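So you can see what is in the structure, the chains are spelled out below.
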Amino acid sequence: MANLSQLMENEVFMAFASYTTIVLSKMMFMSTATAFYRLTRKVFVNPEDCAGFGKGENAKRYLRTDDRVERVRRAHLNDLENIVPFLGIGLLYSLSGPDLSTAILHFRLFVGARIYHTIAYLTPLPQPNRALAFFIGYGVTLSMAYRLLKSKLYL
Amino acid sequence: MANLSQLMENEVFMAFASYTTIVLSKMMFMSTATAFYRLTRKVFVNPEDCAGFGKGENAKRYLRTDDRVERVRRAHLNDLENIVPFLGIGLLYSLSGPDLSTAILHFRLFVGARIYHTIAYLTPLPQPNRALAFFIGYGVTLSMAYRLLKSKLYL
Amino acid sequence: MANLSQLMENEVFMAFASYTTIVLSKMMFMSTATAFYRLTRKVFVNPEDCAGFGKGENAKRYLRTDDRVERVRRAHLNDLENIVPFLGIGLLYSLSGPDLSTAILHFRLFVGARIYHTIAYLTPLPQPNRALAFFIGYGVTLSMAYRLLKSKLYL
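Chains as they are written, first to last, in my numbering: chain A, -19 to 135; chain B, -19 to 135; chain C, -19 to 135.
Check the hints yourself; a few may be wrong.
Identical copies go unnamed one by one, so any copy, or any two together, can satisfy a pair.
To be verified - List of simulated lysine to aspartate or glutamate pairs, EDC-like, C-alpha gap at most 16 Å:
1. Lys132 - Glu(-9)
2. Lys22 - Asp79
3. Lys6 - Glu(-9)
4. Lys22 - Asp46
5. Lys132 - Glu(-11)
6. Lys130 - Glu28
7. Lys6 - Glu28
Hints listed in this document are in silico derivations from the structure and should not be mistaken for laboratory results. Please read all numbers here as calculations on a predicted model, not as lab measurements.
Only chain A is shown next, with the shape it has when bound in the complex (with noise of 0.2 Å):
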């Protein structure tokens, strides 16, 4: 157990758990977001979750897309195509050890931008608000993704 306890000891990969963890939450947030929209505006996709709201074609016509709730799942699967490329190369930088303040900066950045892409998905804000804070994750994730293939690189 011993270089366990090391792994949780060693300030890059704590950082690293902390900042993953809390984008993650941020994105089940989403989930939670998705059926506040389906249920407030009654608006679902399959037929046994309005089977509460009537019988037959009464429940039918709850079966329709809402902009707000197409939106929030938008905002839902890009957190996903960014963050599951954050989760691996991030895990992978933070074992190769790199500089601890720039690591942070990175984590930081991209876990603010994220946050900020939600927000600017949902307001919404007008562009370019969301471009850059798409831009800012991937470019931090591109960052890392170099400095990792740089240094440890076995093909």
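With the hints as your guide, set chains B and C onto chain A.
Showing chains B and C alone in chain A's frame:
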């Protein structure tokens, strides 16, 4: 190599590895289910996929959507949205030195809930079966995230 | 820090880190491809994204779908569905002490298959090119899952 064998001798980590492999294999099964329904129901989304069923207009009539295929795809996306946070948070939680029986309870509940979620979605079972399955998995991940941030926060 | 440097001196783990970084970077490229086609073809899904192309009704006509954009998005989602299991199972497999040349064969096949899958999807190449690429990647992940569960099952 000493520390690697140590990592895999850690019981919490071995349990995490086993349950994660099972739940990810279950998620991969959704791709096969989609392919199965697409082929048996002749429902395709890419023109090149139904080229074998005829030429030109004759093939184009297979480019359609189908309730069952869309249902499997929604179940698959829901898996992705929930298993990705489990993967990240669960890995870090496993490395943070939790109590073995508590950790295994978390992993078992999560994997059980996701398998039940798939059954509830594909059958489909009446609500609140699927909602319950979803919230058990969600709660397990949040519980691990809480434990992690409480013991190892480093921002 | 001793054990961290040991982890990155492990050749299987370094190979996993390199191939994972490459395949995740490839997946991130899909976001750029989507943005490229959205901008060059003027196909948008959010009203705020096409506000620069005109006011009111004039801008609304760019809120549409396009075959090419949808194709890139499907390829991206398929990447997510397949790279997430590779990420989780591959990481645990790398830590389970596999034979170096076997492990590298797995990683190379997977990364090659996913790159070929993207080419086959975006060109598009006639089937069964894409199906073959999909099943090679799928088989590699299942093979690692099998190896992992056989040697390290702990439930």
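Cross-check of the supplied hints:
1. In this homomeric assembly, Lys132 and Glu(-9) come within 16 Å of each other (Cα to Cα) only across copies, at 10 Å, whereas the closest approach inside a single copy is 20 Å.
2. Within a single copy, Lys22 and Asp79 get their C-alpha atoms no closer than 50 Å, and across copies no closer than 42 Å, so neither meets the 16 Å cut-off.
3. Proximity of Lys6 and Glu(-9) under a CA criterion of 16 Å is satisfied in neither setting, with 23 Å inside one chain copy and 30 Å between copies.
4. Proximity of Lys22 and Asp46 under a CA criterion of 16 Å is satisfied intra-copy only: 9 Å inside one chain copy versus 23 Å between copies.
5. In the homo-oligomer, the alpha carbons of Lys132 and Glu(-11) lie at most 16 Å apart only across protomers (9 Å), although the nearest pairing inside one protomer, at 23 Å, exceeds that limit.
6. Taking the shortest Cα distances, Lys130 and Glu28 never come within 16 Å of each other, neither inside one copy (52 Å) nor across copies (39 Å).
7. For a Cα distance limit of 16 Å, the shortest separation of Lys6 from Glu28 qualifies neither inside one copy, at 28 Å, nor across copies, at 23 Å.
When held up to the earlier numbered hints, the structure conflicts with 2, 3, 6, 7 and fits the remainder.
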